[in-house]
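Line order of the protein sequences matches chains A, Z and G. In terms of this note's numbering, the first sequence opens at residue 1 and continues consecutively. In terms of this note's numbering, the second sequence opens at residue 1 and continues consecutively. In terms of this note's numbering, the third sequence opens at residue 1 and continues consecutively.
Don't read these hints as lab results, they were simulated from the structure. Ideal Cβ placement from N, Cα and C applies to all residues, glycine included. Any given hint could turn out to be false.
What the hints assert, rightly or not - Derived lysine-lysine pairs resembling DSS-like cross-links, with alpha carbons at most 25 Å apart:
hint : chain 1 : residue 1 : chain 2 : residue 2
1    : G       : Lys136    : G       : Lys209
2    : Z       : Lys123    : Z       : Lys203
3    : G       : Lys162    : G       : Lys119
4    : G       : Lys162    : G       : Lys125
5    : Z       : Lys203    : A       : Lys487
6    : G       : Lys153    : G       : Lys125
7    : A       : Lys487    : G       : Lys209
8    : G       : Lys125    : G       : Lys136
9    : G       : Lys136    : A       : Lys487
10   : G       : Lys209    : G       : Lys125
11   : G       : Lys209    : G       : Lys153
12   : G       : Lys162    : G       : Lys136
13   : G       : Lys125    : G       : Lys112
14   : G       : Lys125    : A       : Lys487
15   : Z       : Lys20     : G       : Lys136
16   : G       : Lys153    : G       : Lys119
17   : G       : Lys112    : Z       : Lys20
18   : G       : Lys119    : G       : Lys136
19   : G       : Lys136    : G       : Lys112
20   : G       : Lys153    : G       : Lys112
21   : G       : Lys112    : A       : Lys487
What the hints assert, rightly or not - Not close to chain Z: a few residues of chain A, all C-beta gaps over 12 Å, as computed:
hint : residue
22   : Ile20
23   : Gly28
24   : Gly89
25   : Val183
26   : Ala276
27   : Val301
28   : Val336
29   : Asp344
30   : Ser397
31   : Val409
32   : Pro454
33   : Met518
34   : Gly548
What the hints assert, rightly or not - Derived DEER-like restraints, expressed as beta-carbon distance ranges:
hint : chain 1 : residue 1 : chain 2 : residue 2 : range
35   : Z       : Leu37     : A       : Ser531    : 36 to 46 Å
36   : A       : Arg583    : Z       : Ala118    : 34 to 44 Å
37   : Z       : Leu37     : A       : Arg196    : 39 to 49 Å
38   : A       : Arg583    : G       : Ser65     : 51 to 61 Å
39   : A       : Leu325    : Z       : Leu125    : 29 to 39 Å
40   : Z       : Lys20     : A       : Phe218    : 24 to 34 Å
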Amino acid sequence: MATDNATDGGFGEVSRVRGIVFEYLSLGASVAGLVALGVLLVYVAIDAFDLADASPEWLLTYFLTLVVPFLAFCLYSAGDRAVTRRALGVLGGGLVAVAALFTAVEAFVVEIPRLSWQLTYLFVVAAPVTAYLAYVGSRGRVGAVGFGLVGRLVGGAAIGLAVGTLFLVFDELVWFLAYTLGVFPAAVLYAYGRWRSAGRAMTAAAPVGLVGIVAAVFLRGVIATYPSDLLIYIWTLAVPIAVVGAVVVDGRGSRIAAAAAGGVPLAVATAGGFLAGGFGVPGPTALIVLIAVGVPTAVYVHRAIDEGDGLIGLGLPFLLVVGALVGALVVEAWGVPAPDPWLDVGFVTGSPSRTAADAGLYPAIVGSVIIIALVAVLSFVLGVGTSIFLEEYTAESGLIGSLTRLLQVNIANLAAIPSVVYGLLGLGLFANLLGLGFGTAVTASLTLSLLILPITIISAQEAIRSVPEDLRRGSDAMGATRWQTTKNVVLPEALPGILTGTILALGRAIGETAPLIMIGAATTVFSAPDSLFSKFSAMPMQIYAWAGFPQAEFRYGVVAAGVITLLVILVGMNGTAILLRNRAERGN
Amino acid sequence: MTDSTESPDLQRRSGLRRLKEGTYGGFFAACAAVTLLTTVAIFVTLLSDAVVFFQEIAIAEFLTGTNWSPNPAGGGQAFGIIPLLIGTLTVTITAACIALPIGTLTAIYLSEYASPNARSILKPLLEVLAGIPTVVYGYFALVYITPALKATVFPEMSTFNALSASIMVGIMTIPMVSSISEDAMSAVPDELRQAGYGLGATKFEVSTGIVVPASISGIASSYILAVSRAIGETMIVVVAMGAQARMPAVQEAIFGIPYINPADILLESGMTITVAMVQIAQSDLTGGTIPYDSMFALGLSLFVVTLVMNVISDIIAERYREEY
Amino acid sequence: MSNTETSDSLITTDVETGANERSATTDATAVAARDLDVYYGDEQAIDGVSMEIPENRVTALIGPSGCGKSTFLRCINRMNDMIEICRVEGDVEFGGKNVYDADVDPVALRRKIGMVFQKPNPFPKSIRDNVAYGLKIQGFDGDVDERVEESLKGAALWDEVKDQLGSSGLELSGGQQQRLCIARAIAPDPEVILMDEPTSALDPVAASKIEDLIDDLAEEYTVIIVTHNMQQAARISDRTAVFLTGGRLVEYDDTTKIFEDPEEQRVEDYITGKFG
């Protein structure tokens, strides 16, 4: 406001107080929701891991053996003195500030439940600094190599576990026949066609594969004897994955390395598969996880060695494992009182129980994985198909033009319909009318697919629209048909964006609860589903059920563990999506 | 080079390629048709059962009844939507009181004040708020917010209450308000801002006096969308608000003016339309009973309300897109 | 078929080497327009254009911006079909066949006519796959690698990229990208190559390389080039068509005639820079 306090013939001054207050007010509003969520997440983490009972010595031990070496690794990778100075300053200054502030608040204002100044330091100072340094470190070559390796280890294990889970529901014998009669011959034909530039062999691949798969379905009942599960998985999963790995390495030049990159993980996985039974782990699962971890890791390590830069980063997994082991050893040796986390191996592999200590999430995790796998396939196909139609196959005017606008408005409206209404659709249409059953995995998958379809379509449309028009015209001018342009030019360019959008939409599907309740999904099942038509539960359903239990151990312990599990899976999926997008953006 | 007297072969192909092209085009059109069919299916599914329901229960009774008890223990079913509307309105209004101001301020900050760097960090982080599963928000409200409020501000609060649930619904809908409003504010041409600065306006005056009025239709459309989202929100209220369909007690103040104590609604358990649907779905439902059909009648009301709001929001948003 | 009046000039008499040495009167017709009108909605972009474009020659279309020269170019391979509000009346004959006849498949047509755009638009694929693109979509049965090599040599790019055929076409410089696009256009062995201001997005050195290349291309192909650079038209073309506002073809003759002694005053004004 221009106030007339002009002094000494100057221009006067305009008061900025209101503006400054407003700026900070809006800044505060921007972060208010995030801060609230952050505090709640801290409490859930404390409850899930029983950190309220963690002694300061326990925290210190792991801080020194696990966090400090990791920070040192990141700082080494960043190789920037200024960053190091800043990080140490914040860590040290934060320690003093948090301790002083926390004690003062507790003494003079109000007691803060289930938090100590050590925990506060951990969450408010150490965690953000670690995240920041991990980000800075990942931009250095050493850090990139290290995080890449850890990412492949963790991601491979996650994918391996998910694939193993799917075979709980899908008939592995049909898969065996389909692979042997359809997929394998088709792949061989295609590879031969590419190698010899024989177009005919490549064209024949698709029909051969289809015939083989159809034959497999018919032969399933006719053939009586099959190899053991483990042999099936070795033949249908481990060998092809190993071959793909070997081919990738071979493409970079080295024959021997290729054989090693494929052969070593294959041998290890096979051995692991046969020996796993002795440790109470199912052999096929061990095999699939080992091969899913081993091959990408081997390929990655070969590439890192090939490029020969930042090799020391390959030590990051060892650093973390050794740190954890040393920490455990120290805790054991000195008898440091350790917390008893709710979220442990038993929770993830156990079945629900009436007693909190025994409760587990396993059947619900399996249910979620199966539903999400089906939803992924359905919504990807439908979403990409629709967006291609809307972006590539329609006209702007005329009858088709009006139809397109109608579709577009309709999709926007579908996105705004409450999820509970989709539940009624599933109940009325899929469960009742089509007879797919109340609370079955099929009904749930179909319902959730329709629910996230609008989001998938909208993001896929954006991805397709971002492909430059130049490229389309270039392809058209070469005499490409519409489908050829779409397949050869548009889709390859748009794919990363489409995948990112689909994964983000799947994140929405994995947390949806209301539609599942409406279609009659079970809140609690005690064993994992074994077919698409069996009753199932999903992670959010189980969390909902537990949240209704009156006992404090359930409310503050078991549910918190479930929430953290769900959020970790969600973060993993979204993180993958964002990595994909960033990589695609960097590629351009 | 061909001789020019011989016409090149430019005929339409009737063979395999045409078939292939047609198949792909047909497949994509079929995918697109699924989205239309979904809308039709939702409408038909809801309507067919709702019609059966309204044959049993008169529409007027449904819309004006003040008692909702679909599965009473001792007889006396009643299907009056008023208590559910009160519950839904309570949550929606309270959530709006949180989400609309915070969301608007956030949008102003992002579009006018934030550095590009801060914006690129804040925007995706805010989207996280909308990405957390709602059942988790419900759990937060029940297990952390309610005890915290009880220990500090409202000792008389009941375990299941509307306030905690509404706070969480509000936080969840912040990004909906902020991202659409920010889009609208960013679409305001820079010339308008320059004109303001040229007249000696401060940044605050430009933000609130020029940018906000210029983008008002976008902001309004974001409000409507956020409110429609709050109306349809299910899991947060199911977990944290309880399931008691109740009418608030009407009290008399001086001069006999009737009023309702807000605490009587906010700090107590209540039931929204969505909670009523979930509650029936969780009882042993069989098709063909009145409670089962009432679920679809409720769903239809919800569907119509959210659809209308979405269309209104679309029309308003269309206006700001035309303006610039 | 209204091709009778060209039957007396069917005999191609001589084999030439340089552009301006090619005699430009005794050639067969590759492309002919007859009373061509093009409308964008209500606006007329081409007004009654008739012209015959000779085979194995470079024909330049010049004129001020908005005069319809690019529109004319895009009528030849029916790229205007992509624009919904575009309406075409009259005939465009390619090899004696009206390309706007109902039984003509625009896709089949474009496979016989290559096109190079103003801005280089290589696909985000390897150099090899870029050149092989046309072969791939047409189901070419022969030796792809051999054809890729020939085409890259034809586009004067082979020596620069022969060791990096697997790397992305986007890694090349602007001029190299445009030559890659030319290689892509000639790989399926079209009869006509359309060029829409192919050098206007390039620096002078890269542009002159393309000009040399166009000269060589005319040995084998009919080249029709839109340009707003009059020196360029004078340097490389055998025939020049001048379009002026309103989409009218004002004058069409041998390039030397157009630039030295135009019939129309307006054309002279335009060429000497008095307007446009």
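Hints, verified against the model:
1. G:Lys136 / G:Lys209: violated (28 Å)
2. Z:Lys123 / Z:Lys203: holds (22 Å)
3. G:Lys162 / G:Lys119: Since the Cα atoms of Lys162 of chain G and Lys119 of chain G sit roughly 23 Å apart, the hinted pair holds (cutoff 25 Å).
4. G:Lys162 / G:Lys125: Holds: Lys162 of chain G and Lys125 of chain G sit about 16 Å apart, inside 25 Å.
5. Z:Lys203 / A:Lys487: Judged against 25 Å, a Cα distance of about 50 Å means the pair is violated.
6. G:Lys153 / G:Lys125: The hint holds at about 19 Å.
7. A:Lys487 / G:Lys209: This hinted pair is violated, its Cα atoms lying about 33 Å apart.
8. G:Lys125 / G:Lys136: Holds, because 13 Å separates the two Cα atoms, which is no more than 25 Å.
9. G:Lys136 / A:Lys487: Within the cut-off at roughly 12 Å; holds.
10. G:Lys209 / G:Lys125: holds (24 Å)
11. G:Lys209 / G:Lys153: The given pair, whose Cα atoms are some 14 Å apart, holds under the 25 Å limit.
12. G:Lys162 / G:Lys136: holds (20 Å)
13. G:Lys125 / G:Lys112: Holds, at about 23 Å.
14. G:Lys125 / A:Lys487: holds (13 Å)
15. Z:Lys20 / G:Lys136: holds (16 Å)
16. G:Lys153 / G:Lys119: holds (21 Å)
17. G:Lys112 / Z:Lys20: holds (21 Å)
18. G:Lys119 / G:Lys136: holds (23 Å)
19. G:Lys136 / G:Lys112: holds (15 Å)
20. G:Lys153 / G:Lys112: holds (20 Å)
21. G:Lys112 / A:Lys487: The hint holds at about 22 Å.
22. Ile20: violated (8 Å)
23. Gly28: violated (8 Å)
24. Gly89: Holds: least Cβ distance 21 Å, greater than 12 Å.
25. Val183: Val183 of chain A clear of chain Z: closest Cβ-Cβ about 22 Å, beyond 12 Å.
26. Ala276: holds (34 Å)
27. Val301: Holds, since 32 Å exceeds 12 Å.
28. Val336: holds (29 Å)
29. Asp344: holds (20 Å)
30. Ser397: Non-interface label on Ser397 of chain A holds, nearest chain Z Cβ at 18 Å vs cutoff 12 Å.
31. Val409: The assertion about Val409 of chain A is violated, with a minimum of 7 Å to chain Z.
32. Pro454: Non-interface label fails for Pro454 of chain A: nearest chain Z Cβ at 7 Å, not farther than 12 Å.
33. Met518: Label violated. Min Cβ-Cβ 5 Å, cutoff 12 Å.
34. Gly548: violated (8 Å)
35. Z:Leu37 / A:Ser531: 36 to 46 Å: violated (27 Å)
36. A:Arg583 / Z:Ala118: 34 to 44 Å: violated (24 Å)
37. Z:Leu37 / A:Arg196: 39 to 49 Å: holds (46 Å)
38. A:Arg583 / G:Ser65: 51 to 61 Å: violated (41 Å)
39. A:Leu325 / Z:Leu125: 29 to 39 Å: holds (35 Å)
40. Z:Lys20 / A:Phe218: 24 to 34 Å: holds (27 Å)
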